[in-house]
Structures are given as C-alpha cells and as structure tokens.
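Enquirer: Sequence:
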Amino acid sequence: MSFFEIVVLPNGDIALKRDNDIDEPIIRISFSKEVDGFSEESKINVAKAMIDAGIDLFDKMDLDILQKKENDQSPDISTIIH
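With our numbering applied, the sequence shown covers 1 to 82.
Fair warning: there could be bad hints in the mix.
27 Å max Cα-Cα, derived DSSO-like pairs, lysine-lysine [as the list claims (entries may be wrong)]: (1) K33 x K48; (2) K17 x K48; (3) K60 x K17; (4) K33 x K43; (5) K43 x K60; (6) K48 x K60; (7) K17 x K33; (8) K17 x K43.
Treat the hints as calculated values from the structure; they're not laboratory data.
I would like the entire structure built from these sequences, with the hints used as guidance.
Expert: So, in structure tokens, the structure goes:
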C-alpha cells in the first residue's frame, strides 16, 4: 500500500509525493511572489484544497472514461434484429 504526503520543498513549493519516494513529486504547486506575505500554513491549506479538488476531478474523469468504455462495448439496441 502506498501512502502520500504533502511536503514543503526546499524552494518553497508545496508538493504531493509518495512517502519514502525520492523521485519527482506527483504534484508540485508554486505560489507567486504576490502571496509571499501569507504564512506557510495558509499556503499549505490552499495547496491541500487544490490537491483535493484535483483528486476529485481525476476520480470523476476515470468514472466518465469507464462509463464511456462500457457504453461503447454494449450493443446498440436499435441495431439488434430478432
């Protein structure tokens, strides 16, 4: 089983990565200089919300793709002749 963690990278980016993984993060979020005044905790909270929204969207996209495949594989009732 793989676990994920949200980390602050040395350059200040916030990333989602697999725990104990030294490779590139799965998601990397960079904030512009305009938000430098925000605390690190605030940036992490925003990043968490962005990551949650992204995961929800990917889940929905996967479901849409699976449903489309099922629809493509099911016979078209209008073409069945008895």
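Enquirer: Going straight from one Cα to the other, do K48 and K60 come out at no more than 27 Å?
Expert: 18 Å, holds
Enquirer: Check the hint pairing K33 with K43 against an upper bound of 27 Å on the C-alpha distance.
Expert: 12 Å, holds
Enquirer: Between the alpha carbons of K60 and K17, is the straight-line distance 27 Å or under?
Expert: 21 Å, holds
Enquirer: What's the verdict on K17 and K48, does the C-alpha distance respect the 27 Å limit or exceed it?
Expert: 13 Å, holds
Enquirer: Given the proposed pairing of K33 with K48, does the C-alpha separation stay at or below 27 Å?
Expert: 19 Å, holds
Enquirer: Within a Cα-Cα threshold of 27 Å, do K43 and K60 meet the stated pairing?
Expert: 26 Å, holds
Enquirer: Mind checking the alpha carbons of K17 and K33 for me, to see if they're no more than 27 Å apart?
Expert: Answer holds: K17 to K33 is near 24 Å, not above 27 Å.
Enquirer: Holds or violated: K17 and K43, Cα atoms, limit 27 Å.
Expert: Roughly 17 Å separates the two Cα atoms, so the pair holds.
Consistency note: the structure conflicts with none of the earlier hints.
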